[in-house]
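Undergrad: Please put together the full structure from these sequences, using the hints given.
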Amino acid sequence: MSLSEEMVRAIVELDESRAIEIAKKRLEAGEDPLKILDDLRRAAEIIGEKYERGEYFVSDLVMAGEILKGISEIVRPKLKELGVSRKVVGKLVIGTVEGDIHDIGKNIVVTMAEAAGFEVIDLGVDVPPQRFVEAIKQHNPDIVGMSGLLTLAIDSMKRTVDAIKEAGLRDKVKIIIGGGRVDQHACEYVGADAWTNDASQGIRIMLKWMEEKKR
Amino acid sequence: MSKQPIEEWMERHRKEPDIVVKEKAERFLKAVELKEPDRVPLMFFTCGHVFAKWFKLSEVYFNYSKMRDAIVKFVTTFPSDIFIAAPAAEGFVLAVAFADVPQIAPVVRFITGPMHDILKDKWTRWPGRELAEHLPFQFIGGEYMKPEEYKYLIENPVEFIHNTILPRACENLSKPGSAQHAHTIAKLALEAINYLNALTEINNTLLKLGFPPLAITFAYAPLDFIGDFLRHPTGAMLDIRRRPDEVKQATEALIKPILQVAFILKPTGAKFAFIPLHLNSMLSPKLYDEFYWPYLKRVITELYSNGIKSFVLFEGDHTPHLDTILELPKGWGIGVFERGDIRKIKEKLEGHTCVAGGILPGQLIGWSPEKIEEYVRELIKDLAPGGGFILAPGIAEIDPAIPDANLRALINAVLKYGARK
Ligand code: B12
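Residue numbers (my numbering), protein chains in the order written: chain A, 42 to 256; chain B, 14 to 434.
Hints in this document: simulated from the structure, not taken from any laboratory.
Quick list of the computed label-pair ranges, beta carbon to beta carbon: (1) B:85 - A:252: 55 to 63 angstroms; (2) A:58 - B:303: 18 to 26 angstroms; (3) B:344 - A:115: 52 to 60 angstroms.
Lysine-lysine pairs mimicking DSSO-like chemistry, simulated, CA-CA at most 30 angstroms apart: (4) B:135 - A:110; (5) B:361 - A:91; (6) A:110 - B:299; (7) B:310 - A:91; (8) A:121 - A:178; (9) A:249 - A:91; (10) A:199 - B:69; (11) A:65 - B:159; (12) B:357 - A:91; (13) A:199 - B:66; (14) A:110 - B:261; (15) B:159 - A:110; (16) B:79 - B:69.
Please read these numbers as outputs of a predicted model, since none were measured by experiment.
Glycine included, each C-beta is placed from N, C-alpha and C at the ideal position.
TA: Shown next as structure tokens:
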């Protein structure tokens, strides 16, 4: 098995120390850091599929997220050193909406989106509508992701979309909402473009949007 | 228009509360004993958010007599067979910190608004304080223990929590040995007495209105204790992979103080121990069976062999772990299930566990009264036979966004279709 395959396997098996060890070894051997990042995307995809099939649980996603984060933290300085940058597939501004501090799901989305090649601007939790608006102005993202688990989060999402509309930015971004209790009904009420209860499905939707945008 | 069942029932509450109380208590007991009561019991559980229908939450949470008014308003508008109000935030950590002080421990098990003012704890946020006045309080938890500190938790959990965690998580307890610290503890003790008196008065009021109090005590799942109060849920989930042995030793060490707290109320006649679960649905069966369940099971069985049944809130979708429940002794207690197919859950647990749940806030908010009536009718038709079923919203809150007409439709439907065939 190649080191690349071995690393993907270690990540999928959630073997943190082994995965990081292999990543370090590969960097030391002078391997292209972009290849390592690409492996992270592959690993994230497999893990996402396992989660969708009910084989993996949230705690597994959380651990996987830590491993992905850990490895990309080792890889990033190397990229800088070499002066190369990864091809960014798109830009995502994401946050847990006002009044809600649940962020386990959002953090999983952040790592999976980064692994998939997105540049992610994470606004954190309890994010008021105005901060989303400011972030859109500042970063000019392709997509805005909102997370929320409380019932009241649905109203915060709506207020956020309204604020984005008011600022005249609604046409500039696609909006996706997520969190265990959002559904089609909430999506329509909020005025978002898509909804999901599943991070990997969310990533697929976002990738599809980026494909469509390219055309 | 003829009278709705709910109106007749409310009239009986006013005319003959004693009889209504007796009926409700029997109905509940039958269900817990896994039998079929005269009618499917309806249970409402609230942490006070629903009072936003009529009151400013910042007032309800910080004024115990307002709290009583709110409770009275709720039960006289939306009657149920089993009514539980815990209008205060998760604070089991305080109960463990004061496990050796039986006068205080069970009363501070929930952090009330005034207690939050006294402690200035960072585990919770409150309306009119950290939050807008109309919002319900929020438990936000946090990370107050470093991963390297498991050894202290294992060595002596009560002492570690009292001496190290409380000072970190409560601003007004930040300097042990200071006058401010002593003052804060004294005020907390006084507040505990205030709250206990308020609770007693609320229970007496409820009894007169036809609502039997539930003799309840409290316990916790050891791993949730670590996730909720010490390491944050994410931290706990990472620790079980990075420091599995220490996590196991810590969960083991927490069993004793958790039971100690739970048994404090035994002499007062407590018959049920309330246990809300959090990490359950996030763990794979493998991790659940290794880090979560063995310790929770010990808590539940130990309570059971001491005459206390558990009242467990299985948050999220507990389906992957359902089989483990069958390891408990038959009649061990009540399981409230949030998500998952309640029919399958009941089928699996029938004759073993009293199953509660069946309808979700989302359904109650979004559906029409007619749809709710029809849904409840079918639910009862399928789940009442065989006994041991309590109809309840699957979470510990009645969302204030549920239209009044829908709540009434729910109650009416239970009264209309719930009687034993
Ligand atoms: C962990 C937890 C907490 C932790 C949160 C820790 C944290 N930092 O996140 C703590 C203990 C602090 C907490 C506090 C509270 N909680 Co809480 N909590 C939970 C719990 C147990 C799990 C939630 C979770 O993390 N799920 C796992 C994640 C991975 O799932 P997820 O968020 O759905 O994410 C997935 C997808 O939806 C998707 N996704 C998520 N976001 C996004 C965004 C985008 C853009 C995309 C594409 C995808 C995506 O990706 C993820 C992976 O697939 C649930 C119950 C349950 N079992 O679901 C209750 C629950 C959500 N909590 C609840 C409540 C009421 C509260 C409190 C208000 C309690 C209180 N009275 O104090 C406070 C609220 C504080 C606040 N202001 O938010 C209720 C919500 C009820 C409601 N409908 O309003 C629940 C449902 C519990 C219940 N049954 O009553 N909670």
